[in-house]
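Protein chains: 2
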Amino acid sequence: MTSFPKLLQRMQELKDLYGIIGLATWDQETYLPRKGEPARACQLSSLQGLYHEKLVDPALGELLERAAARPDLTSDEQAMLRVLRWERDRAVRVPPELVRELAAAQSQALPVWREARKLNDFALFCPALERLVRIRREQADALGHGGRRYDALLEGYEPGMRVERLSPVLLGLKEKLVPMVQALCDAPEPHPMASQVFEGKTFNGDRQWRFTQRLLEEMGFDLEAGRQDRSVHPFTGGTHPRDVRLTVRIDEANPMTALFGVIHEGGHGLYEQGYAEEHHRTPLAAAPSMGIHESQSRLWENLVGRSLPFWAHYFPILRAEFPKELGGVEPEAFYCAVNRVTRSLIRIEADEVTYNLHIVLRYELELALLDGELAVADLPGVWNERMQALLGVTPPSDEKGVLQDIHWAWGELGYFPSYTIGNLYSATLYAAAQRDLPGLEERLSRGELSVLTEWLRRRIHRDGHRRYAEEQVRHVAGKGLTDEDFVEYLRRKYEALYGVQLPR
Amino acid sequence: MTSFPKLLQRMQELKDLYGIIGLATWDQETYLPRKGEPARACQLSSLQGLYHEKLVDPALGELLERAAARPDLTSDEQAMLRVLRWERDRAVRVPPELVRELAAAQSQALPVWREARKLNDFALFCPALERLVRIRREQADALGHGGRRYDALLEGYEPGMRVERLSPVLLGLKEKLVPMVQALCDAPEPHPMASQVFEGKTFNGDRQWRFTQRLLEEMGFDLEAGRQDRSVHPFTGGTHPRDVRLTVRIDEANPMTALFGVIHEGGHGLYEQGYAEEHHRTPLAAAPSMGIHESQSRLWENLVGRSLPFWAHYFPILRAEFPKELGGVEPEAFYCAVNRVTRSLIRIEADEVTYNLHIVLRYELELALLDGELAVADLPGVWNERMQALLGVTPPSDEKGVLQDIHWAWGELGYFPSYTIGNLYSATLYAAAQRDLPGLEERLSRGELSVLTEWLRRRIHRDGHRRYAEEQVRHVAGKGLTDEDFVEYLRRKYEALYGVQLPR
Chain A
-19 MTSFPKLLQR
-9 MQELKDLYGI
1 IGLATWDQET
11 YLPRKGEPAR
21 ACQLSSLQGL
31 YHEKLVDPAL
41 GELLERAAAR
51 PDLTSDEQAM
61 LRVLRWERDR
71 AVRVPPELVR
81 ELAAAQSQAL
91 PVWREARKLN
101 DFALFCPALE
111 RLVRIRREQA
121 DALGHGGRRY
131 DALLEGYEPG
141 MRVERLSPVL
151 LGLKEKLVPM
161 VQALCDAPEP
171 HPMASQVFEG
181 KTFNGDRQWR
191 FTQRLLEEMG
201 FDLEAGRQDR
211 SVHPFTGGTH
221 PRDVRLTVRI
231 DEANPMTALF
241 GVIHEGGHGL
251 YEQGYAEEHH
261 RTPLAAAPSM
271 GIHESQSRLW
281 ENLVGRSLPF
291 WAHYFPILRA
301 EFPKELGGVE
311 PEAFYCAVNR
321 VTRSLIRIEA
331 DEVTYNLHIV
341 LRYELELALL
351 DGELAVADLP
361 GVWNERMQAL
371 LGVTPPSDEK
381 GVLQDIHWAW
391 GELGYFPSYT
401 IGNLYSATLY
411 AAAQRDLPGL
421 EERLSRGELS
431 VLTEWLRRRI
441 HRDGHRRYAE
451 EQVRHVAGKG
461 LTDEDFVEYL
471 RRKYEALYGV
481 QLPR
Chain B
-19 MTSFPKLLQR
-9 MQELKDLYGI
1 IGLATWDQET
11 YLPRKGEPAR
21 ACQLSSLQGL
31 YHEKLVDPAL
41 GELLERAAAR
51 PDLTSDEQAM
61 LRVLRWERDR
71 AVRVPPELVR
81 ELAAAQSQAL
91 PVWREARKLN
101 DFALFCPALE
111 RLVRIRREQA
121 DALGHGGRRY
131 DALLEGYEPG
141 MRVERLSPVL
151 LGLKEKLVPM
161 VQALCDAPEP
171 HPMASQVFEG
181 KTFNGDRQWR
191 FTQRLLEEMG
201 FDLEAGRQDR
211 SVHPFTGGTH
221 PRDVRLTVRI
231 DEANPMTALF
241 GVIHEGGHGL
251 YEQGYAEEHH
261 RTPLAAAPSM
271 GIHESQSRLW
281 ENLVGRSLPF
291 WAHYFPILRA
301 EFPKELGGVE
311 PEAFYCAVNR
321 VTRSLIRIEA
331 DEVTYNLHIV
341 LRYELELALL
351 DGELAVADLP
361 GVWNERMQAL
371 LGVTPPSDEK
381 GVLQDIHWAW
391 GELGYFPSYT
401 IGNLYSATLY
411 AAAQRDLPGL
421 EERLSRGELS
431 VLTEWLRRRI
441 HRDGHRRYAE
451 EQVRHVAGKG
461 LTDEDFVEYL
471 RRKYEALYGV
481 QLPR
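Chains as they are written, first to last, in the numbering used here: chain A, -19 to 484; chain B, -19 to 484.
FYI, nobody ran anything at the bench for these hints, they're computed from the structure.
Be aware that a few hints might be false.
Pairs involving identical chains hold if they fit within one copy or between any two copies, as the list cannot separate such chains.
DSBU-like, lysine-lysine: derived pairs with alpha carbons at most 35 Å apart [what the hints assert, rightly or not]:
no., residue 1, residue 2
1, K380, K473
2, K34, K(-14)
3, K304, K156
4, K15, K34
5, K15, K98
6, K154, K459
7, K15, K(-14)
8, K15, K380
Construct all of the structure, not just a fragment, from the sequences and the given hints.
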């Protein structure tokens, strides 16, 4: 029994509505008929309007204030109040006109960005992005901050995180990664066949699908409380912890798209399925930040999915599924193929060593944009310069440079750091799991993925939104946001793989 | 431009919400993971609560009154106002406690009905049904009526229809059907092989699926503005005229399940896709009654789909798809097989001659229940007696008798007549189409289904909810609800098929 039944009912209604927005979004990417797209945009906009209306309802505000004043709340109830008040306060602070203006600017910017990327013409996108940056600055001011606009936006993705805390970590990471990337890219390829493992082959889509379903099951994803479908851009969605929906893109030329995609989304999916049952339909059935959510997908995708123990078990299975295509491939060549470090241009194709440099680049540019130190029109030049400094490569075109990501066209400024926060948390959590679970990698190499799933459920998933993300990581690992476990992980793995000594 | 922009916005919001309820319902029957079912029930209940809240909002009432007072409304605007006021008035009149009580009684009754049907134990279901009848009587009183409670419920499915108008038609129909059924069931089978056309054969599901997709396309159903999926209980749903979703059940033992199912749902689907574009997201993008909606599915399923011209074209195609299974079947045997008249026990399996007697039975029982002239406990006995009188057969069990339909367990009293109204309208409209389109059956026998689709779009679908259903039929056919075209259609078809003279 809760001590605030009326408030709980409101929480449940909001969560139900949120779940249904999830359904309408999932459907949009999977089964919606082409001609239904404009109608769906209207339906989603109406639903989001209703959600907002319910959230800012003064009656909800009163219920929250009254509940907050009670002396007898359990810690879970306190956490529920904290989360919902946080969400409501942010919604109340931004004037409706600004919400509408952002929505309009987003709808206007998206097709322009697509066109600009196609034509490799940043100037086309520039006015739309300028408008978005201006609106997001105004939003940041409306939300309130202690002098740093970026903090107000970052808070939307990483509650509790601040530039002051984040910048030293990211800049420290950058200092370590730049020479590491250089050393690895200058070293000879660790296996002569690594670049040819998939080349020129075709991998049957149905067999890929079967393999991904098997992987999901063995990771512990409950296919009776969720499902997998195909979509162009893979994502994790759904309506409820018992209805979690993953999507996968299958590329017959390269099975790693689907395979790592599924391990990644499976990590997200396990988190969503793992919230404690007593928190379902409350604000606690959610992750406390995008970064910690990403830590789960990255932990599975990289720390597990690109590891030797994992492939010790799964490579023979994969090869049995594709005997013609992989029959002649040595396990070592395969392991090297899925772990090649290159001076990558495209973030979403980047390996785990270079990936975070792409994020640092964007983070620094976003900070400068928000602080007014960088004009949107100057982005392409600065982007290319910094890419050269960070990765030793200059994009041959803006399409492969500043225009590559959809995020800014969505107006999502402040989101990119979550990817790196996720990567850092993933290494810290995995190190904690190894301390807690002796023989973990041994067991993973026998295909016992569930031992890790169980640990994550118990230590992270169950808690949902009870703590701030960094607090949760500290609770589990004894430390918060740090690059030490991540850098140590990279060093150990890539020194062994490339047979080189990495700078420290 | 509309003369009531604010009201239009409310109409659109309601329609969007209604569409999303359609999505959540469709998903529940198609892709929802098993363990997500309880959560979906909550989500749907929250959505329906929101819809109701928006509908009864006093601000909407004021906007409606203010708009209604304007002298400059177009006829479409007047129709929009009429439809929304009707819906709102009904929602306002029923007290929230009664709405909640009905919802609770429905949820409670459904599993009890399933159990009772399984155990063939009406007594188990009796208290639940008594409660539902009581609540529906109270609802009828809350809704208001001129002395006949049934009218208030009937109005929910057939706006404008009254017992006073309906009863003479249904009773007249009964008088004609009873001797017709007797004559046909006493006559020898029209083709010796008719009962063995499908017996003991297996019809590949994928090929059935392909055939149904082809049929849908050739009927003119736009698969880019809708889709087909599988479900246990076929239905037509969706979210918008550009997102219409049909489902089909495929039975490998009998391809007619899928085939007539798809023609039936395709008829509904064409209606939903056919609303005039300028009415989308307004109350006019809807059928004016369940009966007229059913007229479209029945017209396609029976008047077209069970006709000689239709099979003259499609039987060779179907046989080519299933050469092994249907290679030795004569077209005449096939035509007879899909048009056999039997003393059917189960409504949903009944042929088109006996079908309406099942409806008349239920209608008379519902009237008596609502009028307080029949006790729920006495239903099984009366059911069996009347079945004997109407169809010359007594159900061997309540499971095959009074417990067969889900409708009463849903509390849906007043719904059944819509099926017969649909059948009667379908014959009247088809006769009008034949008058308007010389050579129609000739063209159908060449597979030109679109000629009929175009006519239906122009004469029925486009108009949506602009007129009351009977008014619309009268507008198109020059007459409203009557059994004359239907009875004439049956006589002509079944005299030819059975080679007998039917009583007149």
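Status of each hint after checking the structure:
no., hint, in the structure
1, K380 / K473, "within (29 Å within a copy, 69 Å between copies)"
2, K34 / K(-14), "both (14 Å within a copy, 20 Å between copies)"
3, K304 / K156, "neither (42 Å within a copy, 71 Å between copies)"
4, K15 / K34, "both (30 Å within a copy, 28 Å between copies)"
5, K15 / K98, "within (23 Å within a copy, 43 Å between copies)"
6, K154 / K459, "within (20 Å within a copy, 81 Å between copies)"
7, K15 / K(-14), "between (41 Å within a copy, 27 Å between copies)"
8, K15 / K380, "within (31 Å within a copy, 43 Å between copies)"
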